[in-house]
Amino acid sequence: MSEIVDILISASFWAAVIRIASPLILATMGELICERAGVLNLGIEGIMVIGAFTGWMAVYQGMPLWGGVAVAMAAGMLFGLLHSTLTVPFGLSQHVVGLGVTLLATASASFAYRLMLPEVTSPPKIQPFQPLSIPGLSDLPWIGTALSQTALTWAAFAVAGLVAFTLYRTPLGLAVRAVGENPAAVEAQGLSATGLRMGAVIVGSGLMAVGGAFLTLSAFSSFFFEMVNGRGWICIALVVFGAWKPGKAVLGAILFAAFDALQIRLQQTSLGAVLPYQLFLALPFILSILALILMSRRAEVPAALMVPYNKGER
Amino acid sequence: MTTGPAEAEVVLRLDRITKRFGALTANDAVSLTLRRGEVVALLGENGAGKTTLMNILFGHYVADEGTVEVFGQPLPPGTPRAALAAGVGMVHQHFTLAGNLTVLENITLGTESLWSRSHGGARAKVERLSRDFGLAVHPDAKVGRLSVGERQRVEILKALYRDARILILDEPTAVLTPQESDALFATLRKATALGLSVIFISHKLHEVMAIADRCVVLRHGRVVGEVDTHATDKAALAALMVGGELSLPRAEARAPGPVLMRLEGVSTPDRGAAPGLKAVTLELRAGQITGLAGVSGNGQAALAEIVGGLAVPAAGQLSLHGQEPKVWSPGEALARGVARIPEDRHHQGSIADFDLTENAVLEAYRSRFSRRAWMDWRAARAFAEGIIKDYDVRCPGPSTRIRLLSGGNMQKLILGRAMAPGPDIILANQPVRGLDVGAIAYVQGQLIAARDRGAAVLLISEDLDEIMALSDVIHVMSQGRLSPGFARGTMTAADLGLWMAGQKFGDTDAA
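Chains as they are written, first to last, in this note's numbering: chain A, 15 to 328; chain B, 34 to 544.
One thing to keep in mind: the hints can contain errors.
[Claimed, not checked] Here are the computed lysine-lysine pairs in the DSSO-like style, where the Cα-Cα straight-line distance is at most 27 Å:
| # | chain 1 | residue 1 | chain 2 | residue 2 |
| --- | --- | --- | --- | --- |
| 1 | B | K223 | B | K237 |
| 2 | B | K537 | B | K311 |
| 3 | B | K175 | A | K262 |
| 4 | B | K311 | B | K359 |
| 5 | B | K158 | B | K175 |
| 6 | B | K175 | A | K259 |
Calculated from the structure, these hints are not laboratory results.
The following block holds chain B by itself, in its conformation from the complex (with noise of 0.2 Å):
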């Protein structure tokens, strides 16, 4: 483009829009603007307040002060036709499509009056827009069956369909792999071209340089910083970001020590469209991160499920410490010394309506807390009051029920209990989704010091950066096969990222 989207026509004003939940300020007196032709990055923490103001643009929520001009005329709040209408169309984090239809039935969805009949013309508008933009998907699909990239193609096709002048992707990259990404990337430039304009929703620093022409940053709900993306850089953004410096801990080279879990060779079924394992051999030393990238559901729940003990090998070995164990039950693997930090922590790490001192003891409440059939709640009490202290768990107290505390709170909590027996080895399974750059830095420090002491450490992620910053030994997973090791540093993140679309696997066979 020979003019630069700075002069081109204002296409969207938000203007001093606050929104309170309660107590809380999600939105203080935000303001943007987004041109023609432009992309614009909306940066923030979790929590910060940007999809709360995205769902506000589109209707979801109704703000409670301030106002949103579309093309110089203002929305009515509180209606999500009516932002259609205006041509905002928005991808979700969470994906809305309904699985049992097919994907131009998402498409058409809504677009027909209820009482008519046919949809004539759309197959050919989804065949043409699906061609222009570079977004390949099969019109008759089941979209229950697509792969998460797949559905987001949907999700932009859906918005484009109804000929969208502005699109907001909220973390799109969150749930793809680093081709996927790019391919988004070209979709989008190919977007902005045609004079589309993007507001593009991430905490990821790298991609904000890399598409985003200005990036507007919030923090506590207020706009802290605006900026032209080729006039600043990462360390500049990620201050703003957190206010003030904070480096996320990254982890040292260190010798290894002994083995303390090997599997050989193993194997399990697979589960309807999630694989199981396809004789997965893996080594966890010692002194030790062991990474696991990959896009999740390819077999990282099945890998994590026969670590913390929950499966038993369908074919192939796992033993501890040289030795084979005679059972294999969660029982038997906290007795052991496996720890673990499940990937969910409201549905597997918690029971949301039990206290902290409750969920504290779930792992041990017959073996340490309990006095023939009696609970011994006064040393439980002690023990999640212990955590609470060590892992500075931000709560009224111990009998406070865990559904009140924040992702960041709960996870400590979960950490303390899984750290407090002096675990030989950790499962952290996606141990910081979902928590905020604090809350991050402390927990990966935690895993990190739990390696210093000794302990062998297997820590699944989807985030590559997480992976390479901490891990000593990166296994990639894709389809239920697990790559080899690799040292730290002698991958980058294009080299694992084709490990994690699968094409490198080829290679390994012949090896």
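Isolated chain A, as found in the complex (with noise of 0.2 Å):
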């Protein structure tokens, strides 16, 4: 048990938290913006796996690190362009059209590697961002340690602080909440329903495209296939388990990751010597699980979620 304390005590640990939860955080904004609006977005899985590929080529090109984050929040936006215009004006199965946008952006990302590395056998590394120096904080020793992040892990927890602001401060925010809500409301106040969802989904999809490109740019250096391994799934649990707000899903992506950190430091103790790694591996999922049943008992899903609206319909 000491080596628990141990691990939990340590500015390391915390660190890891960190930096595993903010490609989370992204993604589980990108995702409660477009639930919030109605809409089920299930192309993030594809959407991230677009966003670490474009961000990581765009700087392999010759772009800066920045200009990768502004190309994979492109590309993103360009696969919420595709999802809204199916599901919303369309009004077809958000289920069908998220998988399919999931499988395209996937496929896309693969196809268009082999395209522009047709000889590479080990993928090529970028120099990804490097953590911040802060003045003042950086020097103070436990704390210092625990928040050497990147820009990006910063850039993260500002964007979960804009989409509450928004939500919750701003007209436009209002409008996105009462349109996953009744969206005949927001029409018969001169608004356009189909306008708030598209934008939704489209912002909401550069989001997750920008947190898929956390993993190529500050993470790790390099684009994998399977490098976004399921977090696309785990960031729709986490907007159920966030209850459609964004701080509680924050919580619950520094909860996933710090189950994350834990397992994997675990396995180093006296107790990976005993138990099989994959327990490990899996104690995030299934701690989740138990955390999703919990806290999601008196959720208020959004009325309208994965509904279309037809104007003129009755």
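Since each chain sits alone in its own frame, please combine them into the complex, following the hints.
As structure tokens, then:
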């Protein structure tokens, strides 16, 4: 037990937690915006892959790191445009379209990769974001290590704050929350339900792609096909876990990241010698499912989630 | 007012509006003028084109022909935003409110630029309006937790907040108690005194007579009459509305038979905002229609579930013919002669993509229409054809999908299915909601016929006129409590309204 306590009080553990949580926070905010507007975006997994690939490729081709982030965001928004065109004005099944977007985006990434790097056996590396040194903060003993994070991590938390502020403190956020609850209410007040929903899906998809780009531009320095590895699906669960509220969703992302960081370290303790490592890999998912069951009991689901709105229909 | 509205300024002019949906002409060259400070009622049966006309005015639909002028300016078609800007406010029949937002948020939604920040001054304006117009509602309450009457007040406040000069109310009293309706009328009188103009859509004649200055009657999409309400009476309006004399059936009093079903102190748990039953005691007698009045959401659904076998009492007893059934389930209820006409014919009463034959045998496919493990489709089809013929279901044939039928014809099929086995007890939950006058008369006539052959009928309805016309005994539900039974003709609508509002229940505890 003392081994676990040692892990939990170490600054490097918390630094890892924040690092692992960052891409989850970005993509979860993206999914949360979509769902608050009434659209379930199952394209998230593929959009994260596209973000990881395009951001990395842009930097590899000579763009600055923030240029890579912008390219990833634009690519994500493009898939968001595809998703929302099919699900909002055409009112197609959000499940089918979402899974289709995931398949298309994933396949497009590997196709483009093979096309652009035909000869390469191991993917080339780029110079990723480096931890920021913040005067005053970085010199503090424990906190300095834990908060030794890249600019993109700070950006992820800033985005979460911005999303919360927009949703709850601006007329735009009010309209987004309303369109996910009752699109007819939005239309009756002279706003366009279609425009709001499409906008939310496009912006949300952009954030998902930046979440994916975090993996290649900040966490690792290269692109692998399997690197997103189900994080998109985790983010969908995190939105439910957070009861469609940004603050709670961030807490959920940190909790999941903590389990993930813990299991890697537990494998190196005396427990790791006894138990099979697969058990540790499964730990964050098992604990997340338990937390999900407890947390989502009393959640207020957006009433019009997954309900297409057809103007003029009774 | 000293000057009558007849000379006042024209605020709205609809000129020869025509709207077609495929082969159906919903509005056929409809013209209408509205003056300042005037209440004009738009009267007509379901499907007469009232709501379509107002949706064109408000920009939800685009008219195929014709023009709309507001304060002398032509209104661009198809944009609710333009209608709102021109001073037209609409209170829809199905409220357009977001339940997850507060009253204030619902009201300010869409009134500020999306890219701006705060809302200052909104609260003060809402509070002033709710005081001036007698629309009491707390600005910070979540709309999802409000009662139906309160939600309607929010809808009206929404329009007033945008400085609407023309208020359209689509069937506003359908969901209100008589007292709430009176409060609404008081608000409308205040509004017209302040120079607003109101279009009041309804098919309830007594309300139209009470509130409107003028009445425009629509039938089959056409204006068939325009009259001053003080120069006409209900009978004349009714004749205009249905295109001739058509009287709704009235049941005459009869001596009741034995008790067929009895609930004794039955209680069920609350379900979210919907109250459960609170120690309800109710007797259903042979040859008697028992009417259950009340605003919906006061426990009627819980009672219907008990009678229909969908739920068992958490406390208390249910007995049939004096015996308590060992098990109580929908199948058991059917087997013991309980027939059900469900509240929601689309979701509970039928399966939209099944054809008429399949829907006709849903309740009996395992008993009457199967041989060992196989369906007997020949018998099923013959059964469906029998219902179609006997109950006058207008349809292409028994293999039509039921979703293609009008509400009235769908209800006739469900009625036929329920009546076919000759049930002892009939649970009719909102059996005529949304039907036109012809279909209403038919369904009500069938319920009376069933009573006359000795069945016990439980009629649940929000429409007091219907309850009072048909019922031999009337009970009122409020907050899950059941009033004593009142014999036919002993209560006025106002008396029942007090029970519906829950004000009389304190008295009976002492008694």
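Hint-by-hint comparison with the structure:
{"no.": "1", "hint": "K223(B) x K237(B)", "in the structure": "holds, 22 Å"}
{"no.": "2", "hint": "K537(B) x K311(B)", "in the structure": "holds, 15 Å"}
{"no.": "3", "hint": "K175(B) x K262(A)", "in the structure": "holds, 21 Å"}
{"no.": "4", "hint": "K311(B) x K359(B)", "in the structure": "holds, 23 Å"}
{"no.": "5", "hint": "K158(B) x K175(B)", "in the structure": "holds, 19 Å"}
{"no.": "6", "hint": "K175(B) x K259(A)", "in the structure": "holds, 17 Å"}
Hint check: no violations occur; every hint is consistent with the structure.
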